[in-house]
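Using the sequences and the accompanying hints, generate a full structural model.
Listed below, chain by chain, are the residues.
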Amino acid sequence: MIAEPAAAFDGAGEVVDLKTLQAETDIAAPIAELERDLIGLAPVKQRIREIAAFLLVARARERLGLASGAPTLHMSFTGNPGTGKTTVALRMASILHRLGYVRKGHLVSVTRDDLVGQYIGHTAPKTKEVLKRAMGGVLFIDEAYYLHRPENEKDYGQEAIEILLQVMENQREDIVVILAGYRERMESFFGSNPGFRSRIAHHIDFPDYDDGELLAIAETIAAESEYKLSPAARAAMADYVARRRQRPSFANARSIRNAIDRARLRQAMRLFNEGGVVDRDGLMTIEAADITKSRIFAT
Amino acid sequence: MRITQGAFSFLPDLDDKQIAAQVEYCLRQGWAVGVEFTDDPHPRNTYWEMWGMPMFDLHDAAGVMEEVKACRKANPETYVRVNGFDSTRGWEAVRLSFLVQRPSAEPGFRLERQEAEGRTIRYTLQAYGLDRPAGRRYGDQALRSER
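Chains as they are written, first to last, in this note's numbering: chain V, 1 to 299; chain L, 1001 to 1147.
Simulated from the structure, these hints should not be mistaken for laboratory data.
Here the structure is a predicted model, which means the values were calculated and not measured.
Glycine included, every Cβ here is placed at the ideal spot set by N, Cα and C.
Errors might be hidden in some of the hints.
[Said to hold, decoys possible] Computed list of chain L residues with no C-beta within reach of chain V, every gap over 10 Å:
1. Q1029
2. F1037
3. G1052
[As the list claims (entries may be wrong)] Which residues of chain L face chain V? A partial, calculated answer using Cβ under 7 Å:
4. P1012
5. D1016
6. Q1018
7. A1021
8. D1057
9. L1058
[Claimed, not checked] Label pairs and their computed distance ranges (CB to CB):
10. S1009/L to R254/V: 11 to 21 Å
11. R1044/L to A201/V: 51 to 61 Å
12. H122/V to G1118/L: 57 to 67 Å
13. L1130/L to Q171/V: 12 to 22 Å
Following this line, the structure appears as structure tokens:
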């Protein structure tokens, strides 16, 4: 009875330097990478910084003997296709690993097919196996709403959901689950599975990229495979981005990646047709013609 | 009589933390980890019942520990062991095997003599546990069957 308050009093005088703790956990590096490599996504980056700060403070509290239960780290990423949900999930695994909240820091990415079986008694072992593989890391469930099929009450998805919920609750220190999908459908998914909503602490919304960001992404993608856009091609790309957005199957950065891939094909063809003698710069440069030949410009 | 089979069997029984550390080692080596159980502890009994499939592609011991606990719960008063199987070409063998559960009372073995041709005597080991039917060989279940 007497020893306890005394211990608390001792703790009161101690200080923890958050900056030192930050340096120790090596957390600055993945966050800086996130800032540098990912274009746009300001609200997402903000939330990740908040989560990282919160986890650091939780570590500091632990050091001074303050109450710190294992925080709930399950997340849901919502946003349109191609807004970087998977990429951020991968970074998240590395951030949580460096902060010591997951032991191994690997990402297991699954969809409905990997979790739900095809006959009675198939689902539970399948889901458990995926969960076992993801232990010590992050389980990323893409298009999570497909787990729940409201039109078929015998659907095995419900069984997978129950196992997931149980593990998310009981083994919080072993696994972090990230659900991802389109905003509206995730909303109705959470609506029909309230257990999920309450077990997920962080709901992160991925905004669409604006035209400038998409252009920057195009240049980054090109640079990754050692291509570059000529000034005219840059202008054509800006035009392309604006037109592509109007198309029904627009998928943000993914559409841009595909556009760059097709431009590379056309560039190769053009180099052949121009006679086949080409220097290093010619091999690297994507010209405006490679982009304006796209179907998008035909209409 | 305390059965000494597999690694660490001359040490005090491993606790769950130590088991997890050993499993962690197996996974680091890239071995598939499997859980098996039996109520027949004869040293030549190599075919134990498998508790599910060996687990491939794991990164962390937590998944294995869960299976170990489930196996213990479903099969109390039996022997349970964890195997680390190395599938690398040239090895293709169990590289590490150790007990993670044993019955509360281990009656041990008796020596049986069989008189064969001439004055030949053949010796064999028989586990006392095996005198009772499967499922009632150890612990409370054994006592209940005797009453």
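Hints versus structure:
{"no.": "1", "hint": "Q1029", "verdict": "holds (15 Å)"}
{"no.": "2", "hint": "F1037", "verdict": "holds (18 Å)"}
{"no.": "3", "hint": "G1052", "verdict": "violated (8 Å)"}
{"no.": "4", "hint": "P1012", "verdict": "violated (26 Å)"}
{"no.": "5", "hint": "D1016", "verdict": "violated (14 Å)"}
{"no.": "6", "hint": "Q1018", "verdict": "violated (17 Å)"}
{"no.": "7", "hint": "A1021", "verdict": "violated (12 Å)"}
{"no.": "8", "hint": "D1057", "verdict": "holds (5 Å)"}
{"no.": "9", "hint": "L1058", "verdict": "holds (6 Å)"}
{"no.": "10", "hint": "S1009/L to R254/V: 11 to 21 Å", "verdict": "violated (56 Å)"}
{"no.": "11", "hint": "R1044/L to A201/V: 51 to 61 Å", "verdict": "holds (54 Å)"}
{"no.": "12", "hint": "H122/V to G1118/L: 57 to 67 Å", "verdict": "holds (60 Å)"}
{"no.": "13", "hint": "L1130/L to Q171/V: 12 to 22 Å", "verdict": "violated (38 Å)"}
Hints 3, 4, 5, 6, 7, 10 and 13, counting from the list given before, are not met by this structure.
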